[in-house]
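Peer 1: Chains R and V: place on chain A using the hints.
What follows is each chain in one-letter form.
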Amino acid sequence: MTSPTPPASGFRPGHVLPDLCLLAAMPLLVHSVYRVFMATPIEQSMGTAFKIFFFHVPMGWLCMLMALIAGIAAAVQLRRRSSAAAAVALAAAELGFVTGLGVLLTGPIWGNATWGKPWTGDARQVSTALLWLVIVAYLLLRHYGPRSSDRLAAALAIFGAVNVPIIYYAVKLWKTLHPSTGVVGTLPPDMWATFWPGFGGLLLVSLGLLGLRIRQLRLADELDAAWVQLEDPQR
Amino acid sequence: MSEAAVALRGVAQRFGRKVVLRNLELELRPGTIVGLVGANGSGKTTLFSVLSGLLQPDAGERWLFGRAADEVDAQARARLAYVAHATQLYGALSARENLRLFADLRAAAGLSTRPADEVLLELGLSPEALGRPVSTFSRGMAQRVALARALAARPELLLLDEPFTALDAAGRGMLSRVLLDERSRGAAVLLSSHDFDALIQICDRIVLLEGGALVRSVEHQGDRESFRRRAAALWQDLPADPGDTMVAG
Amino acid sequence: MRILRQALLLLRSELRQELRDFELLLTAGFFTVVLLAMFYLSFASLQARAHLSALPGLMWLTVAFVGVLTLTRVFDREREADTLRALLAAPIDRLAIYLAKSAMALSVLMICCAVLVPGLWLIFPAGQAFAELPGQTALLALLGCAGYVAIGTLFAAGLATGAGKNTLLFIILYPLTTPVLMYALVTTRALLDHDPALPDHLTRMFVLDIILFAAASLLFETVLVGAPARRPERPHRPGRPRGPAEPVHRDMSRETSS
Chain A
29 MTSPTPPASG FRPGHVLPDL CLLAAMPLLV HSVYRVFMAT PIEQSMGTAF KIFFFHVPMG
89 WLCMLMALIA GIAAAVQLRR RSSAAAAVAL AAAELGFVTG LGVLLTGPIW GNATWGKPWT
149 GDARQVSTAL LWLVIVAYLL LRHYGPRSSD RLAAALAIFG AVNVPIIYYA VKLWKTLHPS
209 TGVVGTLPPD MWATFWPGFG GLLLVSLGLL GLRIRQLRLA DELDAAWVQL EDPQR
Chain R
120 MSEAAVALRG VAQRFGRKVV LRNLELELRP GTIVGLVGAN GSGKTTLFSV LSGLLQPDAG
180 ERWLFGRAAD EVDAQARARL AYVAHATQLY GALSARENLR LFADLRAAAG LSTRPADEVL
240 LELGLSPEAL GRPVSTFSRG MAQRVALARA LAARPELLLL DEPFTALDAA GRGMLSRVLL
300 DERSRGAAVL LSSHDFDALI QICDRIVLLE GGALVRSVEH QGDRESFRRR AAALWQDLPA
360 DPGDTMVAG
Chain V
8 MRILRQALLL LRSELRQELR DFELLLTAGF FTVVLLAMFY LSFASLQARA HLSALPGLMW
68 LTVAFVGVLT LTRVFDRERE ADTLRALLAA PIDRLAIYLA KSAMALSVLM ICCAVLVPGL
128 WLIFPAGQAF AELPGQTALL ALLGCAGYVA IGTLFAAGLA TGAGKNTLLF IILYPLTTPV
188 LMYALVTTRA LLDHDPALPD HLTRMFVLDI ILFAAASLLF ETVLVGAPAR RPERPHRPGR
248 PRGPAEPVHR DMSRETSS
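Protein chains in written order, with this note's numbering: chain A, 29 to 263; chain R, 120 to 368; chain V, 8 to 265.
Everything labelled a hint here was simulated from the structure, so no lab data went into it.
All C-beta atoms in this analysis are idealised placements derived from N, C-alpha and C, irrespective of residue type, glycine included.
Not one of these hints is a red herring.
Subject to a maximum C-alpha distance of 25 Å in a straight line, what follows is the list of computed SDA-like cross-link-like pairs (lysine to any residue):
#, chain 1, residue 1, chain 2, residue 2
1, R, K137, A, P174
2, A, K145, V, S60
3, R, K137, A, V256
Estimated spans, in silico, between C-beta atoms of each pair:
#, chain 1, residue 1, chain 2, residue 2, range
4, V, A221, A, P55, 43 to 51 Å
5, R, S245, V, F29, 26 to 34 Å
6, R, P234, V, L129, 46 to 54 Å
7, R, A205, V, V41, 33 to 41 Å
8, R, A205, A, D249, 28 to 36 Å
9, V, A221, A, S110, 21 to 29 Å
10, V, A221, A, Q257, 40 to 48 Å
11, V, R56, R, A205, 50 to 58 Å
12, A, L48, V, V214, 39 to 47 Å
13, R, D189, V, D28, 38 to 46 Å
14, R, A205, V, L53, 45 to 53 Å
15, A, L48, V, I218, 37 to 45 Å
Chain A extracted, bound-state conformation (with noise of 0.2 Å):
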């Protein structure tokens, strides 16, 4: 009986990108966590709830970017029928639903801090609870749905990834008590200074998990094909 090919051994650098975006974060999340708390001074309107803005907008960001992430990868799925696309998308989503997850825990807390309403429901808000609610449709599909949903999946996601330029045009639609999308653009340098760290230490550590994740993924595609190989009867 003929054992299954085992993968490739040796060092590949792909395997540790994952593992070194995860160690270059935890300085940064250190750094800022201290800037957000001890070095940026408390902003005028807002106040000391303007402190979630740390959290809150990246976590924004991060969502968006895993929904485009797992919509192209979906749309690579679909044309080259890739299995490495379909763990990409897979992963981006579980991803971009925990982000989206805290995006949406952070927002009404900033919300009712600042304006005393934690739900106003405008455009953004409600944007991007409908942007998660389209990742985790997608997941409940990929979990649950038939035999051939993994295509059907795909073009969840990929609908979703057009989804995500509708949320910042609706911002422009409609008038809103969310700050502007220029709300960004005018902090005062030394709040940008406190945002990047954060921004940037956040996105490793998405990375690195997406990294892993995928990887994961790829592994349990690997144990299906040497169990099918193990199990051919014409071995």
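Peer 2: Just chains R and V now, with coordinates in the frame of chain A:
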């Protein structure tokens, strides 16, 4: 030597850990009838889906009418007809309307089709049944309508998934006669069935699908009794399956 | 032109089947009336100002609910008889299937809107603008329903070809179509307010519909049947003579085990 109507090389299909087709090799020549036997769940319907273009296999090559068919385009689909196990008819439409719909669709693509009434009557439907909704038909009658829709297109490749199901003795005789006519016309026919006697009567070759691969084959080499004996031996190799309703001779 | 002709033939067949029993029209239409009754019971006692704010939501919520019902029923026929696979195996352009099904679902939704909009106008006086601007209202309904149907047809078809559960359509469609419905909400509010920017809103909806239809059309065949796997070029053509008795497949009974 005539070009194969269809050829599959190393075709594989799996869903997770479930292997449905495994390194499958098959060739059908024009003017031949090949019977496909296998236990329930052996991959017969998936094989038909791959041949008719309803499913893209994970691996392997598919050749249709002498050309590589990475996808079964409309041009290739115009030359084949697939009669599935389900009759795939619109219940609210009459037999005539069902056939005319597909005839009109073919006409829009510049393809000719035999007149609906002519084919339906040839397959034993009574004239008064032609205008009745298919939902009022028995399974056997609906089967005839589905077959008529396929034959009206004068296909070069005819794929039939358990066509003898629900047909009475007269219906089986009619179908056998029709398939022999199609063979004489030069069509390649692949049909799956659990009806041993029917396959022996009309097939030039019977192949056994097991575990997703074609593992055994018996050819009709001129002596029907010898063919019957060798086919019976192949039949006995079918895995026992409580759901099987096959009839051995 | 061939695609359009095939789509029209399929649409004609759909309409012919529907006109035999009116099942879809009656169920969708009745559901619309039931929703109107529920809206009356729930919101009629509110102030007129509240009606004005609620009307766009009520209209497009109804379209969303009736839309799922419509798409489910349009493809249930195909699912029950497995006829969608017969169409996919036929020598027709598969895009024609998408166009025909979209047109059928859109037709049913527009008929429901023909009940819904006058109903809302009758129940809520704030809907006066619907009567004052009938052309714009009709266009708004058409563009909103078209965007919904563009997405919904793709996913309903995808679920109909697999062993997909109908409940999954609810999970998919509601979040995915809300951007379309958001634009429809904004445009409806603009119509009710007699906003001079209404033509701009309608134009935006039109552009969004084009994008959605284009994306869904491109994806339709791939989602239903799958893209072909890439194959290396092979010069050998099968069908060449192999010898008089050589089998054309692997005969395991004659092979020794490895």
